[in-house]
Amino acid sequence: MRRLFSKYRILLPLVSLALLLVATFYMQPRTMSYFGVNLLFNLAVPIALATIAQMCIMMVEDIDLSVGAFVSLAACVTATLLNDQPALGVAVLASLVAAYAVMGAVIHRLELPAIVVTLGMSFVWGGLALFILPTPGGASPGWLRSLMTSTPPMVPMAVVASVVIAAVAHLLIIRSGIGTVLRGVGGNARSVARAGWPVIRLKALAYGLAGLFGVLAGMALVGLTTSADANIALRYTLLSIAGVILGGGEFTGGKISPVGAVIGALTLTLAASFLSFLRLSPDWQIGAQGAILIIVLMARLLFTRRNTRDGGGI
Amino acid sequence: MSTLVSRPWIWSWLAAGGAFLLTMLLTDGRGAGELAYAALSFGAFAAIVGLGQMMVITLGPGNVDLSIPAVMTLSGTLALKAMGSVPGTELWGLGVAVAVGLGAGGANFALIYLLRLPPIIATLAASLVYQSVAIWSNRGLRVRPPEALADFATGRALGIPNVALVGLVLAVVIWVALERSIWGRWLLASGQNMRAARLAGVPVQMVRAVTYLAVSVLAAVAGYLLASFSGGASLNMGQEYLLMSIAVVVIGGTSIAGGNSNVPGVWGGALFMFLVVSMLNSYGFGAGVRLVLTGSIIIGIVIVASTRRARP
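Residue numbers (our numbering), protein chains in the order written: chain E, 1 to 314; chain S, 315 to 626.
Each hint should be verified, as a subset may be incorrect.
Claimed, not checked - List of simulated lysine to any residue pairs, SDA-like, C-alpha gap at most 25 Å:
no., chain 1, residue 1, chain 2, residue 2
1, S, K395, S, L527
2, E, K255, E, H170
3, E, K255, S, R430
4, E, K255, S, L429
5, S, K395, E, P282
Claimed, not checked - Among the chain E residues that face chain S by a calculated CB cut under 8 Å, a handful are:
no., residue
6, I115
7, V117
8, G120
9, G127
10, L144
11, S146
12, I294
13, L301
FYI, nobody ran anything at the bench for these hints, they're computed from the structure.
From the three backbone atoms N, C-alpha and C, an ideal C-beta is built for every residue, glycine too.
Build out the structure end to end from the sequences listed, making use of the hints.
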């Protein structure tokens, strides 16, 4: 059993999600329907995209404390510029992705600690978002709204989107050649450099990918909520880190799993719904989310015992 | 002079001084005393939690305490509830705050050590639980601190705010502990190379345990003071201190890679974080521009401090 779980690292996140889903269906059988499932996982789509963004950064052994602020900014741009002047909106969103890539290159070139630079950038993104949208408002572009609320036959949009996100990220990062090199930067940047790869460009690429997924997360969020404000996604920073870890990713060594990250994001979203079905006092909702996080990680420890004697150091 | 420039903490103090002078330039020197007083008062809270975060970051890569805001909120809430505005209960309230700190720190370290969770995740998950306990015990009530405690938290001695004096005493204690005690040497050694430290006989896990207890106790004391200072605990009182605690440590010149801490820099960073906001305020910038400039200045200082420092 333990060998099975440690061989297929994706199993544990998958089993956690399945157990939670079964428990939710048991508590509230009416969610076991097309619309029920869609409601349960609706808000998971932007979180899943933000989690993939965080994963791209953790892949190269950095951590991004600005994901929440960046997604909020992307949401504000989507709800204002992209809606009013599509051409300008696309240009701004593209330049945001480019800014992320530049940030990665600068962090690598000047050997700056990513945790601090992204911390500083979170102020910058937050300020720009306030600048663009001083008061909550804006509107979702029509095509985005209809895409996010479309009703494909048989399977709800939230599930389709999650599967597409997981598949694209898997192809990009696990199956493709460049994805393997990117994970190699997290594993051992020096040996990748010795093999003749320009590490600075690879880091810029990893950060650029993170920026791209962050922008998509902001767009998806606006498609669902139809408006934005500068603080709309601030909690995504912590959610995305938790999602990557829940999905079997690690802080070091480029050990990440895109499919796991999407599952982690779905689990976190479902945990919130599950807890409200438990009729748990709202006081304890966040606490119980923390407890679920701890329990899943405890299960991982039981099944995939790693022989790290430093215990907890990342 | 060259030794002064090579001190990593000098940059945070220069930046704080620069922000102070630029504000004074605008007001032609009026209100200098008031500005300095406000900076010391508000900077004290950031400095106290920053000192704790500094010790954790010194433990090495990956060690960050994300539960500081929740511990502040929980200790402020429980301490004020325990005191119930009754005069003479101030020390009992402080005891409750310290107990909250010890409990939270112990729980954090148990998750890190027993469950082998990365500290970022362990303190993040635990902070959600602490926040919940605070919400449950708070119930939207705002208990006022006892009169004497409120007077102490907002009062001054020798022209310096009392909270700043507390922060200065704590800074000196921690500075002595780090520079002059065996425990401080152990902490630095563990942060530089945990494996080598363990092989050299340093009780690494004990050092980590004490550090995680210390950061939570400091956060709890800061929460107790902040709640007394602002006339009651509120559920979001710790919010801004998550990023703040990390920012003041890094601006202060402590190496994010660990094994190298810097006490004077934390105070410099804390003063700077307050002064830069008030400077941008007095120049009449809007909230958006102010945030962008704050972020750019933080990154600028980190770049200057890290490129000036001799690389190993």
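Hint numbers contradicted by this structure: 10, 11
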